[in-house]
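Chemist: Residue numbers (numbering that gives the first Met the number 0), protein chains in the order written: chain A, 0 to 183; chain B, 0 to 221.
If you are wondering where the hints come from, they were derived from the structure by calculation, not from laboratory data.
All C-beta atoms in this analysis are idealised placements derived from N, C-alpha and C, irrespective of residue type, glycine included.
Just to be clear, a hint being listed does not mean it is correct.
As the list claims (entries may be wrong) - Among chain A residues calculated to face chain B with C-beta under 7 Å, some are:
hint	residue
1	Glu18
2	Arg27
3	Gln47
4	Phe50
5	Ile142
6	Gln143
7	Ala173
To be verified - Among chain B residues calculated to face chain A with C-beta under 8 Å, some are:
hint	residue
8	Leu65
9	Ala68
10	Asp83
11	Arg91
12	Leu92
13	Leu93
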Amino acid sequence: MEPPHLLDLVRRGDELAWEAFVRCFQGRVFGLAYHYTAQAEDARDLTQDVFVRIYQNLTLVPDETGCLPWIIRITRNACIDHLRRRKARPPLWDLAADELFDLRATDQNPEEAHLEAVRRSMLHRALEELTDLNREIILLKEIQGLGLEEIAGILDVPVGTVKSRSNRARLELAQKLTAAGMGG
Amino acid sequence: MDAPHRPPFTPEVPLDLTQAILARTSGSPCQRLQDQACAYVDGELDDSRASLVQAHLAHCPACAALVGALHTSQRLLPTLADADPGPWFTQRLLRATVHRPATSTWWRLMHRPRIALEAAYLGAAAGLLGTYLPMPNLPLKVPAMVQPLGASAQRVVGQVIQVERRASTSLRQSWQPRPAAPASPSLWQRIKARLRRWLPFFRQAAPRPAAVPEKAPPPANP
Numbered sequence: 000m001e002p003p004h005l006l007d008l009v010r011r012g013d014e015l016a017w018e019a020f021v022r023c024f025q026g027r028v029f030g031l032a033y034h035y036t037a038q039a040e041d042a043r044d045l046t047q048d049v050f051v052r053i054y055q056n057l058t059l060v061p062d063e064t065g066c067l068p069w070i071i072r073i074t075r076n077a078c079i080d081h082l083r084r085r086k087a088r089p090p091l092w093d094l095a096a097d098e099l100f101d102l103r104a105t106d107q108n109p110e111e112a113h114l115e116a117v118r119r120s121m122l123h124r125a126l127e128e129l130t131d132l133n134r135e136i137i138l139l140k141e142i143q144g145l146g147l148e149e150i151a152g153i154l155d156v157p158v159g160t161v162k163s164r165s166n167r168a169r170l171e172l173a174q175k176l177t178a179a180g181m182g183g
Numbered sequence: 000m001d002a003p004h005r006p007p008f009t010p011e012v013p014l015d016l017t018q019a020i021l022a023r024t025s026g027s028p029c030q031r032l033q034d035q036a037c038a039y040v041d042g043e044l045d046d047s048r049a050s051l052v053q054a055h056l057a058h059c060p061a062c063a064a065l066v067g068a069l070h071t072s073q074r075l076l077p078t079l080a081d082a083d084p085g086p087w088f089t090q091r092l093l094r095a096t097v098h099r100p101a102t103s104t105w106w107r108l109m110h111r112p113r114i115a116l117e118a119a120y121l122g123a124a125a126g127l128l129g130t131y132l133p134m135p136n137l138p139l140k141v142p143a144m145v146q147p148l149g150a151s152a153q154r155v156v157g158q159v160i161q162v163e164r165r166a167s168t169s170l171r172q173s174w175q176p177r178p179a180a181p182a183s184p185s186l187w188q189r190i191k192a193r194l195r196r197w198l199p200f201f202r203q204a205a206p207r208p209a210a211v212p213e214k215a216p217p218p219a220n221p
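Extracted from the complex, chain A is given alone in its bound form:
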């Protein structure tokens, strides 16, 4: 079912439609929150907060194709708020969480799945080494698949800047992957 129709049902109080809506977008929201926080537990809490916020503001969710960019925008805002709070009051523990890659169920054989998980883990580490703006552009454009204008609106920068920065960020990421032995 398409998100606009789902939203219509959710607004009428259909709990099954809300569950379908949550299952439709929770992976995207959790993935984005994980890339910002690098902590699976923090990303889960943030994802919950984002969906609670969506549920409380159902009238504000755009009906048409702007639904996903709107969700990504409020997820990004929630993540940035969380990172600011964490910077002000850092947690007692700050372990790198790699369990994200173990949670996904794949149809590959174990060896391929392990190699894929290693590649994704290296890619994630290379992403963490990018500058903030480059990482955000990669997150929004290459990972979440948003358009240049939507990204420019979210980051509040001109479209031309997003385009040029995007190529530069991809090259920087490729250079880091090459240095890590993932080129070719």
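Chain A is already provided as a structure; the job is to place chain B on it using the hints.
Modeler: The following block gives chain B in isolation, referenced to the frame of chain A:
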């Protein structure tokens, strides 16, 4: 008679010859390739430009590795968009949302944690204000709910009502505008009054001019 077929002369080209020539002419083309690498990976280059890039990649392992990494990231990055938050995540999330009714702004406003404190404050303020307002001057009438209690109870309630009325009446009188008090004299007026009071003293104390002796009449001629 045909000449014997000879293979064409293909001398062994040293690997670094091209690099040496480029170094002495246009410089390394790797920077130019990096400018076009993303467009090449995205398939946005036309055929002639793409063949030039491929020809460079065939001889430049560093650029080939870079383009390979671009291909790898292009393939893997979209798979990072969707992550599994865990087996019980959806159930927890639905518990956190579905049992809450879709709420309006007014509903959320009334369910803030401090709403009880604010309501108590407003109630106390309204009570105080009501206590200080004057009671209307109505004829004494004991409420009907007290009448079955007997004469003594009616007397007590009547006294309470009278006390309340007296208090409110005195309060109302205290709110009546008072006659305007005479304006206090200004500083200059006070100084002038002081001076006026001291003026006789100054007049008495001031030294009088010495009296001029009257000339004695000239002696008469003898």
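Chemist: The structure should be examined with respect to each hint, and the outcome stated for every one.
Modeler: These are the hints, each one checked on the structure:
Annotation: Glu18 (chain A) was flagged as interfacial toward chain B, and the flag holds, the nearest CB pair being 6 Å apart, inside 7 Å. For the restraint placing Arg27 (chain A) at the interface with chain B, the shortest Cβ-Cβ distance is roughly 6 Å, inside the 7 Å limit, so the hint holds. Because the smallest distance between the Cβ of Gln47 (chain A) and any Cβ of chain B comes to about 5 Å, under 7 Å, the interface hint for this residue holds. Because the beta carbon of Phe50 (chain A) sits about 6 Å from the nearest beta carbon in chain B, less than 7 Å, this interface hint is met.
Look at Ile142 (chain A): its Cβ gets to within about 5 Å of chain B, closer than 7 Å, so that hint holds up. Checking Gln143 (chain A) against chain B: minimum C-beta separation of about 6 Å stays under 7 Å; hint holds. Nearest Cβ of chain B to the Cβ of Ala173 (chain A): about 4 Å, under the 7 Å cut. The hint holds. The interface hint given for Leu65 (chain B) holds, since its Cβ lies 5 Å from the closest Cβ of chain A, which is under the 8 Å cut-off.
Because the closest C-beta pair between Ala68 (chain B) and chain A is about 4 Å apart, less than 8 Å, the hint holds. For Asp83 (chain B), the interface hint holds, since its Cβ comes within 8 Å of a Cβ in chain A; the closest pair sits about 4 Å apart. The criterion of a C-beta within 8 Å of any C-beta in chain A is met by Arg91 (chain B), whose closest approach is roughly 7 Å, and the hint holds. Taking 8 Å as the C-beta contact cut-off toward chain A, the hint placing Leu92 (chain B) at the interface holds, the least distance being around 5 Å.
Interface hint at Leu93 (chain B): satisfied, since its Cβ lies 6 Å from the closest Cβ of chain A, which is below the 8 Å cut-off.
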